[in-house]
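Chains as they are written, first to last, in this note's numbering: chain U, 1 to 365; chain L, 1 to 344.
Everything labelled a hint here was simulated from the structure, so no lab data went into it. Don't take every hint at face value.
Claimed, not checked - Think about it this way: if two alpha-carbon atoms lie no more than 30 Å apart in a straight line, the pair counts; the simulated DSS-like pairs of lysine-lysine are:
1. L:153 to U:275
2. U:275 to L:15
3. L:113 to U:275
4. U:193 to L:15
5. U:309 to U:155
6. L:15 to U:189
To be verified - FRET-style restraints, in silico, Cβ to Cβ:
7. U:195 to L:292: 20 to 28 Å
8. L:65 to U:353: 47 to 55 Å
9. U:274 to L:307: 58 to 66 Å
10. L:175 to U:22: 50 to 58 Å
11. U:34 to L:292: 53 to 61 Å
12. L:94 to U:210: 38 to 46 Å
13. U:198 to L:129: 35 to 43 Å
14. U:255 to L:325: 50 to 58 Å
15. U:242 to L:21: 43 to 51 Å
16. L:220 to U:282: 48 to 56 Å
17. U:195 to L:170: 41 to 49 Å
Computed from a predicted structure; not experimentally measured. Ideal Cβ positions, reconstructed from N, Cα and C, are used throughout, including at glycine.
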Amino acid sequence: MKPDALLSNPTSAPQRALVFVTRTRQGGNTGKLDWTDWASYAYLVVGLFMMFAPILWLLMSSLKTESAINQFPPTFFPYSQKMVTVAGHEKPLAMFLTRVDGVEKPLAQVSRLGIVATMVDPAKPTEEIKVNIRERKPINEMEFAFENFTDVFKKFDFFRYLFNSVFITVVATLLTLLVNSMAAFALSKYQFKGQKAVFGLILATLMIPPTIILVPVFLVINSVGLLNNLWGVILPAIATPTGVFLLRQYMLTIPDEILEAARMDNASEWRIYWKIILPLSAPALAVLAIFSVMWRWNDFLLPLIVLSKSEYFTLQLALNSFQGELNTQWHYLLAMTVITIIPITLVFGFLQKYITTGIASAGVK
Amino acid sequence: MSTLQLKAVQKSFNKTTVIHGVDLEAAHGEFVVFVGPSGCGKSTLLRIIAGLETATDGQVMIDDANVVNVSAAHRGCAMVFQSYALYPHMSVYANMAFGLENLNVPAEQIKQKVTEAAALLRLDGLLERRPTQLSGGQRQRVAIGRAIVREPKIFLFDEPLSNLDAELRVSMRAELRDLHRRLGSTMIYVTHDQVEAMTLADKIVVLRAGKVEQIGTPQGLYDSPCNTFVAGFIGSPRMNFIGREVFGAQPIFIKALPSATEQIGIRPEHFHLAPVSAALTLPLTVTHAEYMGGTQLLRGTSTNGAQLEAVLPTATLVSVGQTINLTFEPDIVHTFDAAGKRCA
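Just chain U, with the same shape it has in the complex (with noise of 0.2 Å):
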């Protein structure tokens, strides 16, 4: 089959979805390009370019060595300097490629003062060159150091902060999801008086900025003896009203019949909620559940100031205690937030369809 035929009989899934990518303004896959078609590419290569540099420059930098990621200029792939080992030096020596006496050789560097470096030839050791600095360029090559990452394990007690996020994230999320769709269930499928005056409450409550009332929630923590402790940072953010109207817009739309044949049914109004409420909302709650997770896992405010032994750290706060006041370990802070955005990412790629779908469906429907 010819190409063009192919293109415009598509029988394939991916044949159709090439179709699909490649069409155009005017429609059909005729490949002349209106300047709508322009306007969209340049639009979608900008944000792409917006959206992934950051992340794509993390993850070079991450494999870079500290004195790579010093360098000035900056370079985009890991670079560092040649080393080599040279016969009566301890350590490995920064290898330049020299002009000396109008040839370009590579040297070794053993020490340099003011503009002046003293160069050493790897194959004859003895032998010492004086030279300008401004004679010698380092020799560059790509290492990737990925002994940044199998350090932070070693060096740091990853799996502890490891297992304090996945705890208060996991934890943290079943409550949200069971809190918050308890309540829409009241709000959305009960009658009684100050309905709406409650959901306006919760609602309101959307207007005041967390980092407002964090003076208060730190001193209901501390009164209430949970500080340095897991619980602190997982029970004062459990009810949200973000997750409350959302479960509540999607379960008006649950049909009232459906819970009156369960009440005909013998059910109890717990079981209602059980058997028939939470099964019926469950896009609505892959989106919150997506929406908790993000929230928990990138919290950093409340548990910075709930938690402060480095045993109860969570990944973000092991990450910024990286950067002391004095000195910042690049290399470890690059590498271990690497390790941080996978899990966020992995659950964002698989639930991403709820998102969408969740999202449309509590909206409309």
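With chain U's structure known, arrange chain L on it following the hints.
Okay, now just chain L, sitting in the frame of chain U:
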């Protein structure tokens, strides 16, 4: 035994009274149909019996016990909803088993009962399916099956056939009738369709604006409707109402009527084409003629512009624009007084 009795049941929503003191009795095994135009309160009345709404006043007696303060689950009623209200996330089997599970019936018994009900309703092969994978008629049968497995004292049906297409409605009607015969339990059925009411009911309750207009057998309501509303509602096509200004032109005829008669009613199917010699005749200038195979439905104007409908056999075809003479037996004429009540 399962009997139902309503005593002076009233229902108001925020000062708007929708049920004005309804009294009603249903004997064991009776098929009672509530019929009336939409908004007449028939569904509300059913929900009061089910316990999904509470009556503002009055008593609901099931087996001679007042159940007004008993929750819906404990009244021993099972309800089939208009939208079927199947649990969309459960299989057909789980849908039917849910009520029994809530009663902590042993799994063995549940399985047996569900299988029996499924066989009865011809759902055998569908037990593992989800409601979304079923056709309308099958969903309807699942909803009925869900009611059957609980062996309720009283079955409540809230317009169960109104979401089905016409053909399926007819066959489901026959199935319901058959089911009632086999189960022999008391059934209360709400519909706005008088054909359904006529074909299914042992007893029809005609409701209008929250009041009972008439209670009786289908035949009783057809033969002697107590007022013009019932007369017009029961029977299809609608009964013709003829005012004094029209039948007054027939001096022979007027002598036979009770003196209070202001309107007479004649059902379209009771007209015949008049032979030349007939004494009792009404002229009809046909404006619409619908050929329906065995019969033809004629609509037209009579004396003084009165609109009449007649259903005639198709032996003699009538066409639009023709004027014919209609006759009828004197004893099928319904007579109503000025208030619309039937004259004795």
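Original post:
Is the straight-line distance between the alpha-carbon of residue 15 of chain L and that of residue 189 of chain U 30 Å or less?
Top reply: holds, 23 Å
Original post:
Do the alpha carbons of residue 275 of chain U and residue 15 of chain L lie within 30 Å of each other, as the hint requires?
Top reply: violated, 36 Å
**OP:** With a cut-off of 30 Å on the C-alpha distance, tell me whether residue 113 of chain L and residue 275 of chain U pass.
**Re:** Within the cut-off at roughly 21 Å; holds.
**OP:** Can you let me know if the beta-carbon spacing of residue 255 of chain U and residue 325 of chain L is within 50 to 58 Å?
**Re:** holds, 55 Å
Original post:
Within a Cα-Cα threshold of 30 Å, do residue 309 of chain U and residue 155 of chain U meet the stated pairing?
Top reply: Status holds; Cα separation ~17 Å.
**OP:** Hint says 41 to 49 Å; check whether the CB-CB distance for residue 195 of chain U and residue 170 of chain L agrees.
**Re:** About 44 Å separates the Cβ atoms of residue 195 of chain U and residue 170 of chain L, which means 41 to 49 Å holds.
Subject >> Supplied distance hint 53 to 61 Å, evaluated on CB atoms of residue 34 of chain U and residue 292 of chain L >> reply: Holds, at about 59 Å.
Original post:
Per the hint of 47 to 55 Å, is the separation of the Cβ atoms of residue 65 of chain L and residue 353 of chain U within bounds?
Top reply: The hinted range 47 to 55 Å holds for residue 65 of chain L and residue 353 of chain U, with Cβ atoms some 54 Å apart.
Original post:
Between residue 274 of chain U and residue 307 of chain L, does the C-beta distance stay in 58 to 66 Å?
Top reply: At 60 Å between Cβs, range holds.
Subject >> residue 175 of chain L versus residue 22 of chain U beta-carbon gap, inside 50 to 58 Å or not >> reply: Hint holds: Cβ distance 55 Å, inside 50 to 58 Å.
Subject >> Outcome of range test on Cβ distance (residue 198 of chain U, residue 129 of chain L; 35 to 43 Å) >> reply: Roughly 40 Å apart at Cβ, these two residues keep to the hinted range, so it holds.
Original post:
Lying within 48 to 56 Å: is that true of the beta-carbon distance residue 220 of chain L to residue 282 of chain U?
Top reply: Since residue 220 of chain L and residue 282 of chain U have Cβ atoms about 53 Å apart, the given range 48 to 56 Å holds.
The structure shown violates the earlier hints numbered 2, 7.
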